[in-house]
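With the hints as a guide, bring the two chains together.
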Amino acid sequence: MKVLICAGPPTSGKTTVLKQVVKKFKDEGKRLAYIKIDVQFTEEDEVFRKQFDIPTKKVYSGELCPDHCNVMIMGDAIHWAMENNTDILFVETAGLCLRCSPYVESALGMVVLEATSGMNLPKKIGPLLGLADVAIITKIDLVSQAEREVFRANVLKASKVDIIETDALHGINIGRIVKRINDANDISDSLLLKGNPPVGVCTICVGKKEIGWQKHFGVVRPLEGDVFYRGE
Amino acid sequence: MDINYLEIIGGYGRHGAEEPVRKVSLKMGDIVSIVGPTGSGKTELINDVERFADDNTPSRRRLLIDGKSVPEESVGDPSKNPIALITQHTNFLSDLPVQEFLEIHASIRQAGHTESVIERTLDFANQLTGESIILDSAMTELSGGQTRALLIADAVVIGNSPIILLDEIENAGIHRTKALELLKNYRKIFFFVTHDPRIALLSDFRIVMKGGAMQKIISRNEKEKKIAEGIKKMDDVLSDFRAKIRAGDSLEEDEFERRMKELSYN
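Line order of the protein sequences matches chains R and B.
Counting from 1, position 192 in the first sequence corresponds to residue 192 in my numbering; the numbering is continuous, with no gaps.
Counting from 1, position 121 in the second sequence corresponds to residue 121 in my numbering; the numbering is continuous, with no gaps.
Any given hint could turn out to be false.
To be verified - Partial pick of chain R residues on the chain B-facing surface, computed with a CB cut under 7 Å:
#1 9
#2 10
#3 11
#4 68
#5 119
#6 143
#7 145
#8 147
#9 149
#10 150
#11 153
Just so you know, these hints were derived from the structure itself, not from any lab.
All C-beta atoms in this analysis are idealised placements derived from N, C-alpha and C, irrespective of residue type, glycine included.
Chain B extracted, bound-state conformation (with noise of 0.2 Å):
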């Protein structure tokens, strides 16, 4: 499915008021994030669009793809689907071995060439992980990061989504940073439900919920570019300190008082 540009049309919120942000546009190649405190409506927000809200869904919100609402037919077949969501689920319920459970969703996404698109699947999705997934295993014995990593793989390279929504990537157990790294390669319009300030300030604009409303949007201005730089290297310093802790070093103080220096020098 070619796909230019997405619109949300806003609806009402948790009280029934109108959203103050009546309508937000996105074309291809945006990276928005949705932010908010828990239960002001983020994942209600990416839900809408995962299910082309039509003015049927509790908030009244509509979707447009191209400028029109999604025919019902795209909406029942899987294989024409634009939209990829990748829940908070850690954990899958299927009791099929991952081999299998992949060949069915490639089948169903893409005919043909299956076995070269789960290798991809596969090498995707062990980049982020820390064990690497085996094909045989049953999805139910993964780890909540190989869950994680495989979802994320799985809507990339198989769906094959023009649009993908990610609801907070970052409390799972995968590397983060090598997940964004990796998902900048694709052209697609991504959505990041998000509480990290990295992951926020990547995107090029964020909308702001509360109260089950789209509140308003902030564009990341030149500022904000400058700080991200430095958040990103906060990060960096706190990502290879979890690291030493994960592979089961110590740490050194020498080492922590120069990478602390470090950052304030920049």
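The following block holds chain R by itself, in its conformation from the complex (with noise of 0.2 Å):
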């Protein structure tokens, strides 16, 4: 089984490059499936469960980080595509915290990219575009040619990745996404993310909404200075 782990900032076209992947490979007789992880609302799973008959499932990780989510589940939901006898598992992240990158070793990593995002954006999403395998820019019909390829340098230049352009409302080059699923590994037994997550988890995410660090515990900051670990 391949395992593919779309992530991308929010809006940048992540279910509309898999929707199209997806009608391409169920033509092809393939069988697979598809998990969405999102923070509060999703109805992917239903579009795509209606749209092409294949078994999907959502979570939402509410008060969970999404990529902390993400590799909670993980295990678990390879587990239940295997039992669906699946080709293929689609998992598309949430997209919030680009700290973390969702990606875990022997998976092929997406990353969706929009054209109309700012030039200096690939230096701003660190692993989330470092760690993937692949990197899809979205919407290129809405930039002139110029912006396109200065865009695609700016993305090579934070990491060299494998770059496929497209206009995915029409389209245009889902063949050559659906070729670079198809090269992909299958995923093996053991399972590892393939960055680091950030350290420690943090008082915030888990609820505490006091500002200040001296209000917090485990790996904390001040303004001036570094890092430094607060607690037992």
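Have a look at this one:
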């Protein structure tokens, strides 16, 4: 079984790209499963189930950080997909915090970026791009060819990934994405995150609302100076 | 990339019927325009050319360069892309300063001597605009005309592309006549999507679009060449009056009459 983990900032076009890709694989007769991780609302699982008649699931991360949640549930999700005799499992992440990356070794990591975003975006999103295997640049129909080329160069400057540019709404270059997924390896038994998550579990994530490092525990930092550990 | 000729192999129109024009052949130096009402598929046709369509776009057209479809490697790598498309965009979304943007683009398209390339690009663009483009300003601050002028200059000078596609160059608030004059100095294959008779009659032939399909090809004959001269004069008169209004001048009746008379005596 192959596992595709799709990440990217909100509204970058992850769902649109995945819909086109799933449609192509479906036409090829592949057995697919889809799981969507989001914070508090998503209906993509319903959409994929109705439109493509494939097993789907949704996970609300709620109080957990979505990428932490992703780590917690991924093992079960792969097990679930295997039980369904899946050829390819699609995992669409919430794509909110840009410090973590949800990619797992031996799964294909795909980041979706829009050509219309700032030219410096590739520098800002760290491991989300740096640890991806392939970067999909969407909405290329909305910018000039020159801007497309410069954005592409900035992505490559930040990370040596494969790049596929697409206008997913009109199905442009979807064939190349499908080919890239077909070329990916099967998932291995030992599942490891590609990147290190941020240090510690933060007290803000678990619901402490007070402002100021003095109110928090674990790894904290003042305005001036380095991070340090505070606690037992 | 050296190119001798380019062919478009006809596909299907919007309702699935075969396009009446089965093949268009162009050699280096040819100028072709694409005409037809709004929604007839003009932009789609040049998009097919820009994407090296190979039976993989909705129209199922194919593009052949020197008789062959284009290998995927050159589709991915911008420095090998022989085609530049200037779309109808009249604003940039890129938040970089003009200088930095052009530097990056020049370094992708042609290594070395970036400085002189940027100078030539800016000089080309500024001949087409009312107000000069300043290198320090952000791309997003440029006006519609400045944006379009810079896109054309960038495609011709930095892109150095042998095939250039221009979508409705007339609607951009640039010096259209000057643009045509400058472009004619370059030996390339030009596609003009246009509603403008002057531009349409400048081309060697024109592709007529209807219902998403290439309907027919009209070659410019001797009669049309003569008419083109007349249209050019009419257009110049109109351009001069437009320039006066733009410059904040008032129009004088005797000058108007004189110009109209000149037209009818010619």
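Quick one, is the residue 145 of chain R hint okay against chain B at 7 Å, beta carbons?
holds, 5 Å
Given hint residue 11 of chain R near chain B, where the shortest CB pair must fall under 7 Å
violated, 14 Å
Chain B contact restraint for residue 119 of chain R - C-beta distance below 7 Å:
holds, 5 Å
Answer holds if the nearest beta-carbon of chain B is closer than 7 Å to that of residue 9 of chain R; otherwise answer violated.
With a minimum Cβ separation of about 15 Å from chain B (threshold 7 Å), the hint on residue 9 of chain R is violated.
For the hint on residue 68 of chain R, does the least C-beta distance to chain B fall short of 7 Å?
Because about 32 Å separates residue 68 of chain R from the closest Cβ in chain B, which is outside the 7 Å limit, the hint is violated.
Per the CB criterion, is residue 149 of chain R less than 7 Å away from chain B?
At 4 Å from the nearest chain B Cβ, residue 149 of chain R passes the 7 Å test, so the hint holds.
At a threshold of 7 Å, is the proposed contact between residue 147 of chain R and chain B supported by beta-carbon distances?
This hint holds: residue 147 of chain R lies near chain B, its Cβ roughly 5 Å from the closest one there, short of 7 Å.
Are residue 153 of chain R and chain B close enough, Cβ to Cβ, to be under 7 Å, as the hint says?
holds, 5 Å
Does the closest beta carbon of chain B sit nearer than 7 Å to the beta carbon of residue 143 of chain R?
With a minimum Cβ separation of about 6 Å from chain B (threshold 7 Å), the hint on residue 143 of chain R holds.
Restraint satisfaction for residue 10 of chain R [CB to CB of chain B, less than 7 Å]
violated, 18 Å
Would you settle whether the hint for residue 150 of chain R is holds or violated, based on the nearest Cβ-Cβ distance to chain B being less than 7 Å?
holds, 5 Å
Checked against the numbered hints above, the structure breaks hints 1, 2, 3, 4 and satisfies the rest.
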